[in-house]
Amino acid sequence: MMDHAFLNSFFHVSLSYMDIAVLVFASFLGSLVTASLGVGGGAFLIIVMAEFLAPVVLIPVHGLVQMASNAGRAWLTRSSVDWDLVKAFLLGGVLASLLGSFGLHLVPETVIQWCIAVFILYSCWGKVPEVGLSASFSGRVGGGFVTTLATLFAGATGPLVASWLRTKSMDRFYYTANFSTCMTLQHMLKIMVFSFAGFSFAQWFGLLFLMVISGFIGTKVGLKVLGKLPEKQMKLLFKCILTLLAGRLIYRLLVA
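Sequential numbering of the sequence shown, starting at 1, is according to my numbering.
Note that these hints are calculated values from the structure, not bench results.
In this text, a Cβ means the ideal position worked out from N, Cα and C, and glycines have one as well.
Calculated lysine-lysine pairs in the PhoX-like style (CA-CA distance at most 25 angstroms, straight line): (1) Lys220 with Lys232; (2) Lys127 with Lys239; (3) Lys127 with Lys232; (4) Lys127 with Lys235; (5) Lys235 with Lys224; (6) Lys239 with Lys220; (7) Lys224 with Lys239; (8) Lys228 with Lys239; (9) Lys235 with Lys220.
Ranges of calculated distance between the beta carbons of each label pair, as one might list FRET restraints: (10) Lys224 with Ala256: 38 to 48 angstroms; (11) Pro108 with Ser195: 19 to 29 angstroms; (12) Gly142 with Val107: 18 to 28 angstroms; (13) Val221 with Ile241: 13 to 23 angstroms; (14) Tyr122 with Ala256: 17 to 27 angstroms.
Produce the entire structure from the sequences given, and follow the hints as far as they go.
Printed below as a string of structure tokens:
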């Protein structure tokens, strides 16, 4: 009885201990994957969270956890950040947030779930080229605008940001630093938009606290194994896991 009372007072959400444990571990694993492989952890986390949370909660809660995770990674690699690149990306993100805040309430929850599932499947198996638009000011602003608008409805747009940023000759630590910094700011803008729309983060404090801490630990572990894992095999395994989880979400939508 006391256990349930503590759970309700700390988390204020209708989740079991097992649900919370799965989400906390998913945050750790997602951060580890992004730090060590470069991208994919955000997609993994959001598709796991979709098993437990409604879309109206899923996008902002995922955004806050990912903001903290990327902020930790950005801080640990801050010496490699290109601030001219980041400021231009942020400008595009601010413009997209202003536009998206007016259309947020118009999108049905099932559409958001379909967007998440389809986007994850495409990011796994579709052609996501390394466009490398981050070299010019207009490309930086445009990348910030397009990817920030997309993240308001699909959540995990890390592969889009990676495509915009990465080039074949880019140093791994330079990429990780700037990707993490851009994603931190993008999630921050998303949180502001959902807060403006009336979402309350306070009732999710307990879960968010544990997921943020586990995500930071995952980042530290991931940076330690950066460049040491068999990247090709790990990415293939991760794609298969994401495909199964996205397929499960699609199945639930079809039979609902």
